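Next come the chains, spelled out residue by residue.
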Amino acid sequence: MKISLQAFFRILLLISIPALYFYPFTVTTFVFSVLLALSLKSLIGKKRGYINILLFMVILLAGVFASGYQIDHNVAINNVTNSQRGEHPNFQTNIFAKILHNKTTSAMFYLQNLNDRLSISSVFVAGSYPNLSKYLPLGFLFPWYLVGFVLALKRKYPVYLRTSFLTALSILLILTSIFSRTSSEIFMFALIWFTCLESVEQLIKSPKIIIYLLVVLNLIYLGIFLASKNVFLNI
Amino acid sequence: MTKKIINILILSVILSIAVFLRFYRLGTIPSSLTIDEIGNGYNAYSLLKTGRDEWGIKLPPYFRSTGDFDAPVMIYLMVPPVWAFGLSEFSVRFTQALLSLLIAPILYLLCRKYLFPNKPNFYSLLLMFFYATSQWNILFSRSGFEAVVALFFVTLNIYFLFRGIEKKDPLSLYLALIFAYISAVAYSSNKIFVPLINLLFITLNWRSVGELFKAEVNSKKWRFITVSVIGLILLVIFAKLWMFGPGAVRAKMVFFTGDFEYKRALVDKLAEYGLSILNLPMLIFFWLKRFLEYFSLNFYIIDGLGLTILGHPGSGVLNMALFPLYIVGLLSLFILKRDSTSSKKSLFILGWFIIGLIPATLANNSQHALRILNSSIAVMIISVLGFGVVFDFLAQRSKKWLILFLGAFILLFSVDFVRFLDYYTVHYPYELSETRHFGWKEMAIHARDHHAEYDNVYVDPRFGSEGRTNYGVPYSYFQFYSQYDPHTFHTFPGRDKFISDFENYHFLEIDFNQMGEIQGNNLYIASPWSFPDNLKNEKHIVYELKYPNGVVAFYAISNKPIVNQ
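Respectively, the protein sequence lines represent chains A and E. Residue numbers for the first sequence follow the working numbering, beginning at 1 and rising by one. Residue numbers for the second sequence follow the working numbering, beginning at 1 and rising by one.
Hints are computed from structural coordinates only; laboratory data are not their basis. It cannot be assumed that every hint is accurate.
[Said to hold, decoys possible] Sample of chain A residues facing chain E (criterion: CB under 7 Å; computed from the structure):
#1 V80
#2 N82
#3 T105
#4 M108
#5 N115
#6 I120
#7 V125
#8 A126
#9 P137
#10 Y157
#11 P158
#12 S228
[As the list claims (entries may be wrong)] Straight-line C-alpha distance at most 20 Å; calculated PhoX-like pairs for lysine-lysine:
#13 E:K263 - A:K229
#14 E:K58 - E:K252
#15 E:K269 - A:K229
#16 A:K134 - E:K337
#17 E:K167 - A:K154
#18 E:K337 - A:K156
#19 E:K337 - A:K154
#20 A:K154 - A:K41
#21 A:K134 - A:K229
#22 A:K154 - E:K344
#23 A:K134 - E:K269
Since the model is a prediction, treat every value here as computed from it, not as a measurement. Even for Gly, the Cβ is constructed at its ideal location relative to N, Cα and C.
Take the sequences, apply the hints, and build the full model.
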């Protein structure tokens, strides 16, 4: 079997991403997140149809079971809600205090979860590795993969507007935000792998010199963080 | 004609909303003047009375203040309101509120005439409305922030740049440069933002700018030479005073290499393991992290304004209804194909947003809403674009969906605006009054009314409910609220040695716990943790002040028996 140079570089760009080397994955999380990412990608592929949707749903359901489906319900949310209600004068009878500080606080909490796990900053430059210092500027993907992702948005945006894709994407985003950190990993990484696939697909279309440069940059980046990993281990 | 009248009517309504949101109870919301507001106010008062700052320096190009050498523009602009309304909370905040208000009509004109001349008028009205009700801008326009003054001048700068090119009017370009200059002097961030945004504009319109200046050189040679010479002189003065002189002190103090997170969590750790060689790449990635944090959801809708304590949800810089439109607008700037004129304008708007982030990313602290205030206008323009994209998309397909969208937008906008008002007026003073230096005013007023009854009044500048966490500059409060004559203050012995004591006031750290018993007929003002328990009783406490959350902020303690307290 012969592999073309482009395919070789594509694989190189895919397998060199930091998350693979620094994140303590379980086999289940890794396998399901990759399968979900691939099935999500199939929804925007040329040969899409009910089979792809069905496949996505099956993997999703299996993923939900495998994740332990633990909803992130933090007691602190209730405390914050109560404390903010209590800051109102005459809070027992104040209707504003009740209306403004209710379930919306929980919604904010889940949005904050989504932000912590999947913000541009988290994905491309900040990470949030459970085993490493939270201050380490190490992304799940390389910072320059953001360029590839923006290019993908620019070149492919009509396919991203397909209902099946948007629905699937929304489900993954919701699961990432409402599940506890451990349970959400499968869905969070499915989206990260998908971003990576889309980004690399665009980056690989660059002139050869850029691709060489990207490979070198990836290796330098990995080298820097592998060299300093022990310094930032959370013990 | 009817259309024109309706337009004027809508403009008046929006302007009235902007006036209300910026001036209603300006002196009392937010509660208490911060140390910066107090210092700036007293400096303006001193300028008015003596022509000198609080240190006795005649018409200073920067204000030494408490050692961070404040920019001069805002303080000079505060002199007229202090003259008109007297030295008060209202007069100190008046300039920023007024300039923030004036930005609204400028934005309308900028949008109507130059940014979207071919789009329906509602684009411009919407921009003005979004700005008038922008929590981001309301928050800072109601407190003494130089960034608001700088934003006013930079908006004028950009308006006149467009005017100059469109009308082929070199005078407008000269005016634009004057406003750019004032803006750069007015606020540290604008020393970076202003040159870059002007450079971007010139690069995008280099042909038109070039032709304009060629015509100017040919027809008004002497005017061009005079302006160039004056410009050069002003540039040298700028560099000497505000780029490399004491006026740059503040910028140096907050430069991001001194960031706590970078230094302690990264550089110090690397040094421990002998890996200091990695400092530079870490610095680059750290900067990138800071930059991309400005694209995070939490900044825009959860807690970007910092109105609540860390970890509590509060208010973001954008109204929740605007956020999805902002995303659509941002994507449309990247994705949609446009003709060359629109494409230039799109690039300019995008550049405005991104350049506005750069100064803040070069400073310490992440997600700093004030330092990226220049970007706030671009964010609103982008939101208007997003609104336009969604509106056009739905209008072409279904009237029902369009009405549903508008209804949902109005509902969400109103709810989130009420949420902002709730956080701003109820939770902000409750949770963060300490950060607004609450309490010094009340202690200063108490001391003003009673200091003559004592031999000395000792004030400990440290404060904070958690312990000795903050170091204040209380003497400014005591001057401000007693409207102390600036001339007498300038000539007070010891002032030339940076001692701030005046009359029988003494500002110094005192460990009251060491004293056991207090001596003589003196009044001591300090935080509760400064005093030993045996002094915190009815016999000694003459005045007690609590933060709005019920925690004691300050005690005034003396040996005098309490009379009618």
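Here is how each hint holds up against the structure:
{"no.": "1", "hint": "V80", "result": "holds, 5 Å"}
{"no.": "2", "hint": "N82", "result": "violated, 12 Å"}
{"no.": "3", "hint": "T105", "result": "holds, 6 Å"}
{"no.": "4", "hint": "M108", "result": "holds, 4 Å"}
{"no.": "5", "hint": "N115", "result": "holds, 4 Å"}
{"no.": "6", "hint": "I120", "result": "holds, 5 Å"}
{"no.": "7", "hint": "V125", "result": "holds, 5 Å"}
{"no.": "8", "hint": "A126", "result": "holds, 5 Å"}
{"no.": "9", "hint": "P137", "result": "holds, 4 Å"}
{"no.": "10", "hint": "Y157", "result": "holds, 5 Å"}
{"no.": "11", "hint": "P158", "result": "violated, 10 Å"}
{"no.": "12", "hint": "S228", "result": "holds, 6 Å"}
{"no.": "13", "hint": "E:K263 - A:K229", "result": "holds, 17 Å"}
{"no.": "14", "hint": "E:K58 - E:K252", "result": "violated, 25 Å"}
{"no.": "15", "hint": "E:K269 - A:K229", "result": "holds, 11 Å"}
{"no.": "16", "hint": "A:K134 - E:K337", "result": "violated, 40 Å"}
{"no.": "17", "hint": "E:K167 - A:K154", "result": "violated, 34 Å"}
{"no.": "18", "hint": "E:K337 - A:K156", "result": "holds, 13 Å"}
{"no.": "19", "hint": "E:K337 - A:K154", "result": "holds, 10 Å"}
{"no.": "20", "hint": "A:K154 - A:K41", "result": "holds, 17 Å"}
{"no.": "21", "hint": "A:K134 - A:K229", "result": "holds, 12 Å"}
{"no.": "22", "hint": "A:K154 - E:K344", "result": "holds, 17 Å"}
{"no.": "23", "hint": "A:K134 - E:K269", "result": "holds, 13 Å"}
Hint check: violations occur at hints 2, 11, 14, 16, 17; the rest are consistent with the structure.
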